[in-house]
Amino acid sequence: MNVAQDIGWLDLSLGYLLLIVPLYFFYKYKTNLTKPTLIAVVRMTLQLLFVGVYLDVIFTYNNPYFNILWVVIMIFIAAFTTVKRSGLRRKIFLIPVLISLIISILIVDFYFLGFILGMDFILEARYLIPITGMLIGNCLSNNIIALNSFYDHLSKEQLLYQYSIANGATQAEALQIFFRQALQKSLNPLIATTAVVGLISLPGMMTGQILGGSNPMVAIKYQILIMITILVSTMITVILSIKISNKFVFTSFDIPKKEIRRKTSKG
Amino acid sequence: MVVLDKISVSFDGVKIIENFSMNVKPGQKVVISGPSGIGKSTILNSILGFVEIQSGSIEIDKILLSASTIKQIRSKTAWLPQDLYFKLDSAEELLLFPFSFAKNKSHKPTENEISEMLENLQLQQNILSKKLDEISGGQKQRLALASQLLLKKTLLLLDEPTSALDNEAQNAVIKMLRKKPELTVVSVSHNSNWNKHMDAIIELKIQS
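Here the protein sequences line up with chains A and B, keeping their order.
Quick note: the first sequence uses numbering that gives the first Met the number 0, first residue 0, plus one each step.
Quick note: the second sequence uses numbering that gives the first Met the number 0, first residue 0, plus one each step.
None of these hints come from the bench; they were simulated from the model.
All values derive from a computational prediction rather than experimental measurement.
Backbone N, C-alpha and C define an ideal beta-carbon position, used for all residues, glycine too.
Please note that a few of the clues may not be correct.
As the list claims (entries may be wrong) - Calculated lysine-lysine pairs in the DSS-like style (CA-CA distance at most 25 Å, straight line):
{"no.": "1", "chain 1": "A", "residue 1": "K184", "chain 2": "B", "residue 2": "K130"}
{"no.": "2", "chain 1": "A", "residue 1": "K256", "chain 2": "B", "residue 2": "K70"}
{"no.": "3", "chain 1": "B", "residue 1": "K107", "chain 2": "B", "residue 2": "K195"}
{"no.": "4", "chain 1": "A", "residue 1": "K256", "chain 2": "B", "residue 2": "K14"}
To be verified - Estimated spans, in silico, between C-beta atoms of each pair:
{"no.": "5", "chain 1": "A", "residue 1": "A194", "chain 2": "B", "residue 2": "D11", "range": "44 to 52 Å"}
{"no.": "6", "chain 1": "A", "residue 1": "Y53", "chain 2": "B", "residue 2": "Y84", "range": "50 to 58 Å"}
{"no.": "7", "chain 1": "B", "residue 1": "D11", "chain 2": "A", "residue 2": "P188", "range": "34 to 42 Å"}
{"no.": "8", "chain 1": "B", "residue 1": "K14", "chain 2": "A", "residue 2": "Y64", "range": "56 to 64 Å"}
{"no.": "9", "chain 1": "B", "residue 1": "S65", "chain 2": "A", "residue 2": "K242", "range": "56 to 64 Å"}
{"no.": "10", "chain 1": "B", "residue 1": "D132", "chain 2": "A", "residue 2": "I102", "range": "35 to 43 Å"}
{"no.": "11", "chain 1": "A", "residue 1": "K256", "chain 2": "B", "residue 2": "K129", "range": "35 to 43 Å"}
{"no.": "12", "chain 1": "B", "residue 1": "G136", "chain 2": "A", "residue 2": "I98", "range": "44 to 52 Å"}
I would like the entire structure built from these sequences, with the hints used as guidance.
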């Protein structure tokens, strides 16, 4: 099969014309979404162009150190973004989230690339970078939901937590209910997406592979493994992020510290 | 059983409790009384380690309260908070919630024990099949208290245990506690009916 047809720069710019439709309606209904949309599109374009150039270099040289560096950068950005978007204190949460992501990605990448695909060189750029990127992206969004849910419920239902530890529960037992809620909230959408994939959505990776000239069945096999590894890596990241951060958010009397959330500036 | 020696508690630099002392003997039932907002609940919360004291000491059953002993102390207590706005589903879940913890599993009450307890606290036997939002505040309060009593701990800490109870229900609760001479009770209340049935009233006064 042939590789995907290239898109000329002029043709690409024609694609931006489609944005007139949402921008018109945003303006018409006074949604205040015009500016954020324009900023988002400009950011998306610059980021992807930068990544395009970087990936071009990475794929050309296929140097293990460059590849690892790229993965490390992705993990750092994901950890920063997770903590920032969950409104939690960077000082307390950055290290736990970072450790969780590293462990989760290491385990799943090794299993997928080394064990299932049986690659001799698992740092091969064209496998390592896109697959790790997809895992990290999903871990990021679901971890934000999980951390938010866990610490939000713990704060709002602190009485239930206190009631539990005052009446015989260990800390782990008292936190179980919040843990369950966080897992349900963060993983339910992912499970729902997994259930309908192929029916109402064609995943980006699969589409990309097919466009890139792969046999559809090969693309589908990759997609199946990707869906499973996303579920597993997200699960590991969420559990570890909560468990590790728990070590830093309680006083020596097992009571949640007050300064868990970042102070919001007063408007 | 419960010895508080000159404890002081502050929140954000404001002193809530200053040099407060009390000595509750085993089996004694006492009430801490005083106007709202004076810090009665704070005393119970400091016994449970929910708030840290700035000075003084707390001893429960001759164990000095500290970060290293708090788990041991909490294993001796049962606590009924003033509010019971828990996200639990059914009345039965509220009653049996503490027995889902490993430490309490061996004390899980039999059907007969539950039935007897409900009767003593003037609760209908079919209450357990009801949803938590279908029962009244007073029923919920007695149900949680039933749970605390079935835990068979040595120290019961009650925060405004009669806030949702009528006189008849209050008397049933008092009678039930009186049946347990080995149980030490530290309660917080400004209900005169409750207070007059306690062994001692510890009055907290606004300091001038």
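- Lying within 56 to 64 Å: is that true of the beta-carbon distance K14(B) to Y64(A)? holds (60 Å)
- Outcome of range test on Cβ distance (K256(A), K129(B); 35 to 43 Å): With a Cβ separation near 38 Å, K256(A) and K129(B) satisfy 35 to 43 Å, so the hint holds.
- Message: Quick check: does the Cβ-Cβ distance between S65(B) and K242(A) fall within 56 to 64 Å?
- Response: Distance hint for S65(B), K242(A) is violated at roughly 26 Å.
- Message: Assuming the hint says 35 to 43 Å, is it satisfied by the Cβ distance from D132(B) to I102(A) or not?
- Response: holds (42 Å)
- Hint says 44 to 52 Å; check whether the CB-CB distance for A194(A) and D11(B) agrees. Since A194(A) and D11(B) have Cβ atoms about 50 Å apart, the given range 44 to 52 Å holds.
- Query: Under the criterion that the straight-line Cα-Cα distance not exceed 25 Å, is the pair K256(A), K70(B) satisfied?
  - Reply: Given that 25 Å is the threshold and the Cα spacing comes to 18 Å, the pair holds.
- Task: With respect to the beta-carbon atoms only, verify the hint that Y53(A) and Y84(B) lie 50 to 58 Å apart.
- Result: With a Cβ separation near 52 Å, Y53(A) and Y84(B) satisfy 50 to 58 Å, so the hint holds.
- Is the hinted range of 34 to 42 Å satisfied by the C-beta distance from D11(B) to P188(A)? holds (40 Å)
- Is 44 to 52 Å right for how far apart the beta carbons of G136(B) and I98(A) are? With Cβ atoms ~45 Å apart, the hint holds.
- Pair hint K256(A) and K14(B), alpha-carbon separation not exceeding 25 Å: Holds, at about 20 Å.
- Taking 25 Å as the top limit, are the C-alpha atoms of K107(B) and K195(B) close enough? violated (33 Å)
- Query: Within a Cα-Cα threshold of 25 Å, do K184(A) and K130(B) meet the stated pairing?
  - Reply: holds (24 Å)
Figure legend: structure checked against the earlier numbered hints; hints not met, in rising order: 3, 9.
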